[in-house]
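Use the sequences and the hints to build the structure in full.
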Amino acid sequence: MYPSLNSNKMFFYFILFLSTLISISSNSWLGCWVGLEINLLSFIPLISNTNNMMSSEASLKYFLTQSIASINFLFFILLKLMWMKNFMLNNSISILINSSLLMKMGSTPFHFWFPNIIEGLSWFNSFILMSWQKIAPMILLSYYFYSKFIIIIIIMNSIIGAIGGLNQSSLRKIMAFSSINNLSWMLASLLISENLWIFYFMMYSFLIMILCLLFNSMNLFYINQLFFFNMNYGIKFLFLINFLSLGGLPPFLGFYSKWIIINFLIFNNFPMVCFFLIMMSLIILFFYIRIIYSSFLFNNLNLKWISIKLKNKQLFFYTLSSLISIFGIIFSTFFFM
Amino acid sequence: MGQLMGSYEARNVNLDMNDNPTFDPHVGFNSQRKPREMKANLEDLVSAKIPRSRRDYCAHYLLDYQVCRYKHMPLVYKCAHERHDYLNCEHADYVLRMKEFERERRLRVREQRVAGAA
Amino acid sequence: MATVPILGLKTHSQKVCSLYKRALRNLESYYDRRNVFRYQAVLLRARFDQNAKECDLRKATELLKAGEEELFQIQHPIPKKFAQSPGGVAFERVVTPPDWVLDYWHPLEKAQYPEYFKKREERKKEFIAMWEKEYGQSDKKNSH
Amino acid sequence: MWMSSICFIWGVFFFFLSLFMFYWVIYLMMNNIVYFLEWEVISFNSVKIEMGVLFDWMSMLFMMFVFLISSVVILYSKSYMSSELNLNRFIMLVIMFVLSMALLIISPNMISILLGWDGLGLVSYCLVIYYQNIKSFNAGMLTALSNRIGDVLILMSISWMMNYGSWNFYFYLEFMKNDFEMLVIGGLIMAAAMTKSAQIPFSSWLPAAMAAPTPVSALVHSSTLVTAGVYLLIRFNYLFIDSYIINILLLLSGLTMFMAGISANYEFDLKKIIALSTLSQLGLMMSILSMGMGDLAFFHLLTHAMFKALLFMCAGLIIHMFNDIQDIRYMGGISLYLPLTSLCFNIANMALCGIPFLAGFYSKDLILEVVMMSNLNLFVFFLYFISTGLTVFYSFRLSMYLMVGDYNLMSVYNLYEEDYVMLKSMFILLVMSVVSGGMLVWMIFPYPYMIYLSLNMKLMVVYVSLLGGLMGYLVSVMKIYSLNKFIITYKLSSFLGVMWFLPNLSTYGLNYIFLSLGGKMFKNLDMGWIELYSVRGISLILKKNSIFYNFFHMNNFKIYLFSFIMWMVMFLFMLII
Chain C
1 MYPSLNSNKM
11 FFYFILFLST
21 LISISSNSWL
31 GCWVGLEINL
41 LSFIPLISNT
51 NNMMSSEASL
61 KYFLTQSIAS
71 INFLFFILLK
81 LMWMKNFMLN
91 NSISILINSS
101 LLMKMGSTPF
111 HFWFPNIIEG
121 LSWFNSFILM
131 SWQKIAPMIL
141 LSYYFYSKFI
151 IIIIIMNSII
161 GAIGGLNQSS
171 LRKIMAFSSI
181 NNLSWMLASL
191 LISENLWIFY
201 FMMYSFLIMI
211 LCLLFNSMNL
221 FYINQLFFFN
231 MNYGIKFLFL
241 INFLSLGGLP
251 PFLGFYSKWI
261 IINFLIFNNF
271 PMVCFFLIMM
281 SLIILFFYIR
291 IIYSSFLFNN
301 LNLKWISIKL
311 KNKQLFFYTL
321 SSLISIFGII
331 FSTFFFM
Chain B
1001 MGQLMGSYEA
1011 RNVNLDMNDN
1021 PTFDPHVGFN
1031 SQRKPREMKA
1041 NLEDLVSAKI
1051 PRSRRDYCAH
1061 YLLDYQVCRY
1071 KHMPLVYKCA
1081 HERHDYLNCE
1091 HADYVLRMKE
1101 FERERRLRVR
1111 EQRVAGAA
Chain G
2001 MATVPILGLK
2011 THSQKVCSLY
2021 KRALRNLESY
2031 YDRRNVFRYQ
2041 AVLLRARFDQ
2051 NAKECDLRKA
2061 TELLKAGEEE
2071 LFQIQHPIPK
2081 KFAQSPGGVA
2091 FERVVTPPDW
2101 VLDYWHPLEK
2111 AQYPEYFKKR
2121 EERKKEFIAM
2131 WEKEYGQSDK
2141 KNSH
Chain Y
3001 MWMSSICFIW
3011 GVFFFFLSLF
3021 MFYWVIYLMM
3031 NNIVYFLEWE
3041 VISFNSVKIE
3051 MGVLFDWMSM
3061 LFMMFVFLIS
3071 SVVILYSKSY
3081 MSSELNLNRF
3091 IMLVIMFVLS
3101 MALLIISPNM
3111 ISILLGWDGL
3121 GLVSYCLVIY
3131 YQNIKSFNAG
3141 MLTALSNRIG
3151 DVLILMSISW
3161 MMNYGSWNFY
3171 FYLEFMKNDF
3181 EMLVIGGLIM
3191 AAAMTKSAQI
3201 PFSSWLPAAM
3211 AAPTPVSALV
3221 HSSTLVTAGV
3231 YLLIRFNYLF
3241 IDSYIINILL
3251 LLSGLTMFMA
3261 GISANYEFDL
3271 KKIIALSTLS
3281 QLGLMMSILS
3291 MGMGDLAFFH
3301 LLTHAMFKAL
3311 LFMCAGLIIH
3321 MFNDIQDIRY
3331 MGGISLYLPL
3341 TSLCFNIANM
3351 ALCGIPFLAG
3361 FYSKDLILEV
3371 VMMSNLNLFV
3381 FFLYFISTGL
3391 TVFYSFRLSM
3401 YLMVGDYNLM
3411 SVYNLYEEDY
3421 VMLKSMFILL
3431 VMSVVSGGML
3441 VWMIFPYPYM
3451 IYLSLNMKLM
3461 VVYVSLLGGL
3471 MGYLVSVMKI
3481 YSLNKFIITY
3491 KLSSFLGVMW
3501 FLPNLSTYGL
3511 NYIFLSLGGK
3521 MFKNLDMGWI
3531 ELYSVRGISL
3541 ILKKNSIFYN
3551 FFHMNNFKIY
3561 LFSFIMWMVM
3571 FLFMLII
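Taken in order, these protein sequences are the chains called C, B, G and Y.
FYI, our numbering numbers position 291 of the first sequence as 291, with every residue one higher than the one before it.
Counting from 1 along the second sequence, just add 1000 to a position and that's the residue number in our numbering.
Counting from 1 along the third sequence, just add 2000 to a position and that's the residue number in our numbering.
Counting from 1 along the fourth sequence, just add 3000 to a position and that's the residue number in our numbering.
Don't read these hints as lab results, they were simulated from the structure.
Heads up, a few of these hints could be off.
List of simulated lysine-lysine pairs, DSS-like, C-alpha gap at most 27 Å [stated by the list, open to error]:
hint	chain 1	residue 1	chain 2	residue 2
1	C	K61	Y	K3558
2	Y	K3479	B	K1049
3	Y	K3479	G	K2081
4	Y	K3135	G	K2081
5	G	K2080	Y	K3479
6	Y	K3491	G	K2081
7	G	K2015	G	K2059
8	Y	K3458	B	K1099
9	G	K2021	Y	K3479
10	Y	K3491	G	K2021
11	G	K2065	Y	K3491
12	Y	K3485	G	K2081
13	Y	K3485	G	K2021
14	Y	K3177	G	K2080
Taking beta-carbon pairs under 8 Å as the criterion, some of the chain G residues facing chain Y (in silico) [unchecked claim]:
hint	residue
15	V2036
16	K2080
17	R2093
Some residues of chain C that are not near chain Y, with every Cβ distance over 12 Å (derived) [unchecked claim]:
hint	residue
18	Y13
19	F17
20	L18
21	S28
22	N49
23	F76
24	S94
25	S122
26	I192
27	F237
28	F287
29	L297
Idealized CB from N, CA, C, for every residue including glycine.
Okay, here's the thing in structure tokens:
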């Protein structure tokens, strides 16, 4: 789970984080582009693992898609600079710039690379891809977007995320589709304000972190591994209940962020968007529950030769974060008493 | 029921049990009638927590009764005299009210008769 | 087995007797003084005796039907019942557990009363032997 | 030893608790004060959830009576239930019952009232099915479900009362009287009280609940459980003054009183007769309550509790002696064999009839005279007086059946009355049912009623009582040549004898409709349309779409990149054009 203490990799992680900061703090489109480009180039060496063919395929795919998106981004910001003198707003060009950014963050209808690539990554890299790599494109998107286009994208994201994940047996793909679905919530929060986006993004990253760390530490990649997932029932319960939190079931923390977004969406007169988001998150919850069920209720084998032991240090960390994820919303009400 | 029978005669002059007197109080009297006076004052009634429906012209007897009750609490039968006084007063009040009711009825009948004769 | 009689099939005289008994019980509910009841019972008996010699079965059936009808029409809404008999207030108030419950006792529980259970096992064997003597060996096909 | 001492311990405990309550009554009355303790559990969005207790003379007096009756009933059970194996369980149930009654009495808050109310319903169910035969199960189910209606109505009134931000109804009764919501709450409370006090649409459970052991009947179904509804309405009485919904209650309770009085004359089960007379007295309480005289209703409630508990305990002793037989047609002549029991029974019966200077006289006579003094329509007036006559009627009939004549059960018999455990506890109530009326009439009326009637009106009660007593004598004397009126008026008699077919209404009548409706709903909706179009349908659609969607993932990476470029080019052309 923990990134290896390889000095090269440390360096690339450093550049990865720095490049995002360059991108989002730059005050010209060109600077943004530079940041994105550095980000791309620093993530590729992190993906590649010499022992694993899948990861090199993934790094290649990642390079291709991201570079094409970057090319388009560069082309259209230059075009915009030439034609519009940086001040005018034009719907078509905003759609073009948005499209390239959406491709970078892996949103529908340009998301096809996303589940494919994530299939070849380790859980930690998936976590980076699902959370950190989304920051730069989304912040850039928030500078300049065409809201009607984005609304269509939001609805498509929520539907594709829900429908796509329904038939998957790979946990990474399920997480990828759930990330696509959550992207729709994030885009919806971008429509309203950046603070809301930060709130949702933090919550989402936290929840996804717990799950990714968990799967990584137990080497879980497919649903059928959960069938003989042999460990203490209480601990299992504590971990897997995080899925419900991620899906946004009310007493858990994941509901909190969704709740606030629903609230703002209704205040800002987006009832239809809100409706789609809620309905599709129901489907998401459905397949989360299916994952959990397989581990809890039926088909659950207790094989003697597969036993999962967690280190005490890890266990403490996981338990603490799971507790926050489960009881966070209840604890937070004490602040308002 | 008693009330029903008592007020049965008054129906044809459209007089109800709860109606107020409508005629001049001095009609048909030689002597001047004095309006009745309330002996108990409001502060005493309020402080004794007498409910509003009991604050009538006999309330001063009721106050006496209450005082006696609190004095002899478990053995309230010692206040039989006070209770009797109060009930007597209420009785007189009731008779008076019934008389007024009858007077009202007769005056209305008379009014009709006079109107019929004219 | 073919020898079991068809239940509910009664002769005419059985039906009349049953009607008479039910009518008496009904009268008992109405007339709670014994002497009054006796008087009414005699009257009832007289009504039954009147047609006792009726040989025409068609007529007799009609009379029976009329009697049933009359009894139904004046059925007492609160019939007089003994408390412990079926329909009474205390019927089945004291629960007597059936005998076979003892067979399901735990061996440890059974061990507390060794003599009784020893005797019980013997009696069971006797009973089975008696049964088999009377009705023959039970069919292997029917057993589980 | 332990089995019998539990009765003694709890009986004595409740007796001293009762004395303690009496001290409190005197204290609170003397100083004219009310203690209101309240603990705010949580305040949430301007709604306060509180636990409150209200100690005023009314609640304390009622508690005193409840504790006194429960103490004597528990002492009595020592002998009555002596052959019971699970006596502990029985006593614990009775104690739980008394405690939930106490909770109901002292709570000024709808939620804690609901707790007490539900506790009463649940424990009374457990007590009714205490004898585990089919009859008891049926009766228990009828009792529990009838009371459940009341629980639901109280829950509904709780949700309506949330409008006011707290459930302390005590504050809102006068203050919010003209509010529409308060009217609705009042209607719900009224209906709930009608279920608990077995008023007319719901009255079939009270005679059915006589399947309980007799001490339970003495405690639960005569003086405490069924008076909970009356007590609740006494608390809500301010709300109902001058409001029109209470007229419904006046009519229904008057009819209950009348119906129960008639049905008691046709009944032959000893306990059911007493239950029906309870029902009749409950109707009396409810009707005087609905005319706005809550204090009179409370007075009758207390005196009635005393002599009715005594009556039940005597009946229990008789049933005990007769080896569980309850049918009065088997009984007779017990005044010769059970003189002390007959003494208690007759005094309780006479107190019930309102024979002067016994407990019932003070309350019933006062109620009837106040009725005569008030402005009332003829129908309700006749209901009152016919029912008063009927009370004497069935009491005399019962006494005649039990006391006079021959023993009807068997020819060789020996009844003995050596059970002084039962008799001692009965004597406590005997004293109370003689003196409690005279004691309370002085104590609890700070504002006496003035009665002023003509001679015939004043004697009206005596007339109807004499007539009723005469008729009670006549129906219970049976000679050889006397006509059987029951058979002559068979249809009318069966209608009147089974409580106007009310049991059929509450067992087969309503269930049938809803069960068949539910069956149809289940067949057509749950197993039909909903299954096809929502449950199966949605999952099928989702599955199909998901499979279709997976098809897109089979494409070539080149095509994907190419399509992205095409998309961009398309918009670029749009930009240029």
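Now the hints, each set against the structure:
Under the criterion of a C-alpha separation no larger than 27 Å, the hint pairing K61(C) with K3558(Y) is consistent with the structure, at around 10 Å. For the given pair, K3479(Y) sits about 62 Å from K1049(B) by alpha-carbon distance, which is inconsistent with the 27 Å threshold. Restraint check for K3479(Y) and K2081(G): satisfied, since their Cα atoms lie roughly 23 Å apart, inside the 27 Å limit. As the CA atoms of K3135(Y) and K2081(G) are separated by approximately 14 Å, the hinted pair is consistent with the 27 Å bound.
With a C-alpha separation of about 19 Å, the suggested pairing of K2080(G) with K3479(Y) holds against the 27 Å cut-off. The suggested pairing of K3491(Y) with K2081(G) holds, with an alpha-carbon distance near 22 Å, which does not exceed 27 Å. Under the criterion of a C-alpha separation no larger than 27 Å, the hint pairing K2015(G) with K2059(G) is consistent with the structure, at around 15 Å. Distance restraint check for K3458(Y) and K1099(B): the Cα-Cα separation of roughly 21 Å lies within the 27 Å cut-off, and the hinted pair is therefore satisfied.
Taken as a hint, the K2021(G) and K3479(Y) pair is honoured in the structure, with Cα atoms around 23 Å apart against an allowance of 27 Å. For the hint pairing K3491(Y) with K2021(G), the CA-to-CA distance comes to about 24 Å; that is within 27 Å, so the pair holds. Distance check on the hinted pair: K2065(G) and K3491(Y) sit about 21 Å apart at the alpha-carbon level, within 27 Å; holds. Pair hint K3485(Y) plus K2081(G) holds up; C-alpha atoms about 21 Å apart against a cutoff of 27 Å.
As the CA atoms of K3485(Y) and K2021(G) are separated by approximately 23 Å, the hinted pair is consistent with the 27 Å bound. The straight-line distance between the Cα atoms of K3177(Y) and K2080(G) is roughly 53 Å, outside the 27 Å bound, and the hint therefore fails. Interface hint status for V2036(G): upheld, as the beta-carbon distance to the closest one in chain Y is roughly 5 Å, under 8 Å. Because the beta carbon of K2080(G) sits about 5 Å from the nearest beta carbon in chain Y, less than 8 Å, this interface hint is met.
For the restraint placing R2093(G) at the interface with chain Y, the shortest Cβ-Cβ distance is roughly 5 Å, inside the 8 Å limit, so the hint holds. Y13(C), annotated as away from the interface, keeps every beta carbon of chain Y farther than 12 Å; the closest lies near 27 Å. With a least beta-carbon separation of about 28 Å from chain Y, F17(C) lies farther than 12 Å from that chain, consistent with its non-interface assignment. Non-interface status of L18(C) relative to chain Y is upheld: no Cβ of that chain comes within 12 Å, the nearest being about 28 Å off.
Chain Y leaves S28(C) outside its interface by the beta-carbon criterion, the shortest separation being 21 Å against a cut-off of 12 Å. Distance check on N49(C): its Cβ is at least 20 Å (rounded) from any Cβ of chain Y, clearing the 12 Å threshold; non-interface status holds. With a least beta-carbon separation of about 8 Å from chain Y, F76(C) fails to lie farther than 12 Å from that chain, contradicting its non-interface assignment. The non-interface label for S94(C) is inconsistent with chain Y: the shortest C-beta to C-beta separation is roughly 10 Å, within 12 Å.
Once the 12 Å rule is applied to beta carbons, S122(C) is consistent with being away from chain Y; the minimum gap is 21 Å. Consistency note on I192(C): stated as away from chain Y, and its beta-carbon is indeed over 12 Å from all of that chain's, at 25 Å minimum. Listed as a non-interface residue, F237(C) keeps its Cβ farther than 12 Å from every Cβ of chain Y; the least gap is roughly 26 Å. For F287(C), the condition that its CB be more than 12 Å from all CB atoms of chain Y is violated, with the nearest at approximately 10 Å.
L297(C), annotated as away from the interface, keeps every beta carbon of chain Y farther than 12 Å; the closest lies near 18 Å.
When the structure is compared with the earlier hints, violations turn up for hints 2, 14, 23, 24, 28 and for no others.
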